[in-house]
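Asker: So the chains spell out like this:
Number of protein chains: 2
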Amino acid sequence: MPAPKKTSGCFEIHERDLAGRIGVLKTKTATIETPALFPVVNHVKSLVPIKTISRIGYQQIIANAYLISKHSKRTAIRKGIHRLLGFGGAIMTDSGAYQILSHGHVEVEPSEIIRFQEAIGSDIAVILDIPTPSNASRNEAEESVEITIERAKQSIKQRKRKDILWSGPVQGGNHTDLVEKSAQAMAKLPFDIYAIGSPTTIMEQYQYSNLVDLVTTAKRHLPLQTPVHLFGAGHPAMFALAVAMGCDLFDSAAYALYARDGRYLTADGTLHLEDLGDLPCECPICVNTTPKDLTGLDEQRREQSLAEHNLYVSIREVKQIKQAIRRGTLWELLRMRCTTHPRLWEGFLRLTQYAEELEKTDPLPTPHQAGITFVGPQDLSRPEVLRHQARLLTNYQPPESRDVLLLIPEVDMRRAGLPRNLEEALGDLSPALVHVCIYSVAFGVIPSELVETFPLSQHILSGIDEQVSNKKMGDSIMEYISKHKRHYHEVILLIDSEKHSPALYERLRNSLEQKGIPCKLLHLPS
Amino acid sequence: MPAPKKTSGCFEIHERDLAGRIGVLKTKTATIETPALFPVVNHVKSLVPIKTISRIGYQQIIANAYLISKHSKRTAIRKGIHRLLGFGGAIMTDSGAYQILSHGHVEVEPSEIIRFQEAIGSDIAVILDIPTPSNASRNEAEESVEITIERAKQSIKQRKRKDILWSGPVQGGNHTDLVEKSAQAMAKLPFDIYAIGSPTTIMEQYQYSNLVDLVTTAKRHLPLQTPVHLFGAGHPAMFALAVAMGCDLFDSAAYALYARDGRYLTADGTLHLEDLGDLPCECPICVNTTPKDLTGLDEQRREQSLAEHNLYVSIREVKQIKQAIRRGTLWELLRMRCTTHPRLWEGFLRLTQYAEELEKTDPLPTPHQAGITFVGPQDLSRPEVLRHQARLLTNYQPPESRDVLLLIPEVDMRRAGLPRNLEEALGDLSPALVHVCIYSVAFGVIPSELVETFPLSQHILSGIDEQVSNKKMGDSIMEYISKHKRHYHEVILLIDSEKHSPALYERLRNSLEQKGIPCKLLHLPS
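Sequences listed follow chains A and B, in order. All residue numbers for the first sequence refer to this note's numbering, where the first residue is 224 and numbers rise by one. All residue numbers for the second sequence refer to this note's numbering, where the first residue is 224 and numbers rise by one.
If you're looking for bench data, these hints aren't it; they were derived computationally from the structure. Treat each hint with caution, since some may be false.
Claimed, not checked - Stretch by stretch, here's where chain B covers chain A in the computed footprint (C-beta under 8 Å, at least three residues):
hint	region
1	501-509
2	532-543
3	673-685
For every residue, glycine included, the Cβ atom is placed at its ideal position computed from N, Cα and C.
Sequences and hints are given; from them, build the entire structure.
Answerer: This is the structure:
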């Protein structure tokens, strides 16, 4: 057994986007990059040989300590989990909680499974928590939360090895106040990883908006520097959502379960082998292969091939997510993936309701930052929008002695400085008195001196209908002027009659005049 | 030279979705499945060896007959195009029109390039058309259309070989009335393929909504049974849009041009090699490779590797599109891809304005049909919705002697027949007099006897806000009742207070009573 290493500081965050991050997790055997997917392996007979899982690129797997202790206890203790499974990467072991969820009970004591995981030398171990099923009554949910907290406290005293990363599960299921309580209690206990328990049944029923409530509530009370594991995050189509909410680790048996059922995963859905005309993938299993070739294989080889493809597709999605975080385009990836199923879309829309929380963790532009895009009203909840609007109302001061606010439409400014003929239209008003701001569907008011700041000039927008954009933009303009009304004596509003209706301008003028601020509507001379 | 074969009936359509289709195109050398992408190859030195392009899975390529005639005329005539390029699949040759677009002229006569393409034995040949640039004035556009039509007519007399598939280009660019004129004229001439000319500059400027106008207008006047080629459809992110509009063939040099510039294509965007942290792909180039490995290659091998990856990604997208057509989910794929760029999204929204035309070509459910999904107001323009609503208003007759229309909310019906307690609520009204219909955000009115018809019970919906859904659904309900008002003496409207506001029900009741139809609002006893 190697000498125990210190485990504090096992996790470093390198890049962030929304609440997601790319990090490095050090376990006693391996250093893995997160977000990381742990394929679930069966210790007796893995559908895909563990060597193959490793070759596909997985540096981490998860096995079930409860089942191993039930069937191969002595061998496992003698060999250790890494030799038992023949895997040199990071091995996480689950404690039997999933069996509690499916069978109602397990034949093991909480302390026993802790000792066992230490004895076999798991990299990451989990206490024997009590999962909250998605349909749990309040009493059942409360009980699962309380027993889990109690067992977590006990586990701290019971555990001996310092080189194992211990996971503390958060329970509560669909009862968000209990999730809150659970997360608060767990956050006080010294765990290396927090695990969000029992979303399996929630996900099986496609309750992605409930999942968003669950994870976002838990994350709010967990320390930001500690990695978070999401149990049973199965389908690659939802990985982006999981990561965007701040999950760093997840495990999945979907690749194998789906394969046994003849199902072929793609990042945007699931296809039955019999529905496939082509294999829309270029992984080593699919390249130069046809669905007929796969159908022609004997059952075991067919299932294994499907499972390998499913593993390739899953790791590709993890790589796409990392790439999106690096480019600051996780929102775009998430939006794209969530269009694939209306329940996922509901999850995405629910996440936009937590926009203020996303804004807190979303970083400033990264070195590889891409421009940001808007294709619908949901995108007006982007963290960048909230941040800009909040700053305008708190930190921002308009330049001194420019007491005429000139609001010009976005397009003109972006094309070539001030619009042509503007000087003519302004008459003898001295430019030194004018503060030029742009009004923008995406961002509301953009002071011209900030226009080159990311992402104000690096955004592209479509798909927001006039009613929504006029309302939102009108409100933002009014908020800005109300906040800074002592600064401005007059507002001149340059009309963009192609993009906005006269109603917007009339409404703004009326609102301003009610506040005692004179407002002039200006058409550019043509 | 092989004996000329008859070319009529060179194209068979096997499956359809929206205006897209999977077909089989027979050329004199090969039988290719469509939609098919023709990589542009350089006859002197191809960045990716033509053998490799073939190995990646492309059974068709396109070369430039004008450039070949300029540089290697004699050799090409002696060897024939297939031996010259060393490719046994279908070879399309372009005529030099692209050079006209970029250089303003070419040094070749229209008849000369026809003779040359016959002499080298192209599978698919193009007449020397005059492209319309995206910024063409009306006069310029008119001229390009007229000269192209004139040359097309001439070409019919000039061509000798019957085994070559001739393409007739449609011009007009952003002037849709000229596109119409051009397509109408070309449709009268015996071409095996119609080609939509010069979208290159439109696409370079991301004017996807203009592209939709151009292609949809052209398609409207071209025979449905003839394959349509879209010139210069570059990036895989727009292939789904091109196919959904009814393009069967497209060519692209993007894989090589982007590679030369260090750019790595994905189905949802483009990344510079230097911005890549992982290679989010499992193709033979990327699997077990890192961006560093690629950066470390010498320039030629790096560009070739990037280009090969770009070809893999492009062919994967074609396979995904075919798979989507087979499953009837091209709308879903299109929606997903178009979220990746606001200009593509504008193209998608523009396409929804041609919903009635899509409805005409969109087929009944396929054998592998998946359920249909709604995630936003744009999806209410799906062909399935339009078809259902049109049928209700034209062919449909409510069952005889049921003159009370009972409208119940969708969810209840789908869950378990009639809602619990309904009988109690209906009092002594005989069920034999009641015609039960469901009201649905997606479909409006669904007569209960049709509820099992695809896709009425195979749809999932989210993301449509109440204002939009109440307006649309209210209008559909009123249209249905107005049409069938002689049939019904009374309307009973079962309220779903969780999903819809009282305003919807009040509005409906008022509208009905104005039309003299008594309407009762009913709450279910709890």
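Asker: Checking each numbered hint in turn, tell me which of them this model violates, lowest number first.
Answerer: Nothing - there is no hint that the structure violates, so all of them hold.
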